[in-house]
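Under the working numbering, think of the first position of the first sequence as 3, with each following residue one higher.
No wet-lab data here; the hints were simulated from the structure.
The C-beta atom is built at its ideal place from N, Cα and C for all residues, glycine as well.
Hints should not be assumed to be uniformly reliable.
[To be verified] Label-pair distances were calculated between CB atoms; the ranges are:
| no. | residue 1 | residue 2 | range |
| --- | --- | --- | --- |
| 1 | Glu403 | Lys222 | 48 to 54 Å |
| 2 | Asp298 | Lys104 | 42 to 48 Å |
| 3 | Leu187 | Ser363 | 44 to 50 Å |
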Amino acid sequence: MKEQIEKQIKEVLKNLGINEEINFSVEHPESFVNGDYSTNVAMVCAKKIGKNPRELAENIKLELEKNILKEISKVEVAGAGFINFYLSREFFTESVKQILEKKENWGKNEILNGKKVMVEYTQPNPFKPFHIGHLMSNAIGESISRVVEFSGAKTIRANYQGDVGPHVAKAIYGLKKFGMPDSSLIVSAQAQYIGECYSKGSNLYDTDENAKKEIDEINKKIYDKSDEEINKIYDWGRKVTLDAFEEIYKLLGTKFDYYFFESEMAVIGEKIVKENVPKIFEESDGAIIFHGEKYDPKLHTRVFVNSKGLPTYETKEIGLTLTKFEKENPDISIVTTAIEQAEYMKVVQKAISLMHPDLESRMKHITHGMMRLATGKMSSRKGNVITGESLLRDSMDVVLEKITERDFSDIEKREISEIVGVAALKYSILKSSLGSDIVYDFEKSISFEGDSGPYLQYTAVRANSILEKSKVFNQKNGNDIPVEITNLEKILYQFSEVIELSYQKLEPHHIATYLTLLASAFNTFYANTKILSDENKYMVYHLELVNAFYQTMKNGLYLLGIETPKRM
RNA sequence: GCCCUUGUAGUUCAAUGGAUAGAACGAGGCUCUUCUAAGGCCUUGAUGUAGGUUCGAUUCCUACCAAGGGCACCA
3 MKEQIEKQIK EVLKNLGINE EINFSVEHPE SFVNGDYSTN VAMVCAKKIG KNPRELAENI
63 KLELEKNILK EISKVEVAGA GFINFYLSRE FFTESVKQIL EKKENWGKNE ILNGKKVMVE
123 YTQPNPFKPF HIGHLMSNAI GESISRVVEF SGAKTIRANY QGDVGPHVAK AIYGLKKFGM
183 PDSSLIVSAQ AQYIGECYSK GSNLYDTDEN AKKEIDEINK KIYDKSDEEI NKIYDWGRKV
243 TLDAFEEIYK LLGTKFDYYF FESEMAVIGE KIVKENVPKI FEESDGAIIF HGEKYDPKLH
303 TRVFVNSKGL PTYETKEIGL TLTKFEKENP DISIVTTAIE QAEYMKVVQK AISLMHPDLE
363 SRMKHITHGM MRLATGKMSS RKGNVITGES LLRDSMDVVL EKITERDFSD IEKREISEIV
423 GVAALKYSIL KSSLGSDIVY DFEKSISFEG DSGPYLQYTA VRANSILEKS KVFNQKNGND
483 IPVEITNLEK ILYQFSEVIE LSYQKLEPHH IATYLTLLAS AFNTFYANTK ILSDENKYMV
543 YHLELVNAFY QTMKNGLYLL GIETPKRM
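Throw the hints in and build the complete structure from the sequences for me.
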């Protein structure tokens, strides 16, 4: 529709003898008082041709009305010189029909047709706890994966996990010192115990000389696999923590296609780095480094192989990136991490671009703010982390508490608490733009009312409830189409535009904001309209509208990685 | 010191350079003999500071202030 209006405006400008290039826009006004679409063309134009903007707007309006699109019922000039378009009843009725035809495909576009996109997210480390930061990355990455899918691309989900390095040595030291967990414990409890051992080992590393020595020793032995006992603990601990992560992914609704491990990437990256000395990397003080500032004053120097000859994270990242392109050759490779890695990633990507100029525009790094505690930065080294499990459990417990009186079976109660608990958590992460830090406070951060995931689900459930009940409702009259147009209809058709925007900017929060607006409009409609009633002349159309809303909400929640329960 | 990100109601967040800056929570009032009240309706209240560009700035530019992050062998 927008394109058609733009096209017509261009024709009108020509007819009015305005031939200059005018950079105008057609948008949805903030308030429906000002129509469904609005253009600033007269204001942009006015100065160029030396005319009063309102006067010019009137001229354009008259010219537009000569050959008005059938979907437009009214054109008005308002404010400083805006031209506002009001869509007709036919347009809205037709758009509801279209939604019902497209069903689960409603909202998809073809921007990325035939393209392949790899999205890397979550990145927890074996032997360390899965904390809120990982939950953030997962929610964002999963949502972006789905948005990309809706844009027509084949999406490949990838996870990258640090299975070597000092953190593993610290955990193994802790396990040796404090003993292995009871093997009868469930996997997540064993994983939690390993996380605690890591934290204790980490503390001792900083405070106890002997512990530090021993941990460094263990670290070497992990690399060269020379110690049977350590190998055994390593294999066991790696499996336990990875299994525990897998349980969380299942709950969160993520299925990865690829798992990359730092241990594998180190070898690959090291070879590449060494091959490119001194062309790109240089030796300095016994280490191999990259002088980012040589290529861009905003970049800095980073170490790729340290003076002990061990590859750093930078080198592993090179191995990882090039492995991705070698294995899948994606058109776009997206990586989602916390913002603390933003500057580092720019340097690494510059180094990669120098070796492979064709990849420069295909690597994208999305950063989100850090989850902080009121007391300061969260650190798994210090042990003051909030684990993913505990947060999910708390969230699900709140839901369980709310439905305790309801007549659901125990199985239903568990299912609902999982679906709604996850939704509350995911929505709280996805509702805001990615830039700023989030100060974590369960009471404030995870909401179940108002602007929240459960609010959206609840609204969908109400709609579903009407649709279910309508199946046994006998009344067959009510075929009229209402003259009046509800806000619900005015918001509904914009869904596909919101998804496009979300993809263009790689920002899921536009969808969250939109769905809340949509749900609010539905709830107002719901409160004002008794749909299943003999009195309702518009029942057939109202049911279609409810169905279209339900479909849109379901598709939208899917894009946020949130399930829609049947009841709650 | 240099670079990056972020400053919006009491609080948590919105607003491709547009119109009267939107929500939610909180506080106060109203609303279930009605399709799920996790709802609806009403009231309350905000752009860090100072300049600049523009017909028009929360948005772009400059400086400053504040918070977080990065800047050589952690990830």
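Checked hints:
| no. | hint | result |
| --- | --- | --- |
| 1 | Glu403 x Lys222: 48 to 54 Å | holds, 50 Å |
| 2 | Asp298 x Lys104: 42 to 48 Å | holds, 45 Å |
| 3 | Leu187 x Ser363: 44 to 50 Å | holds, 49 Å |
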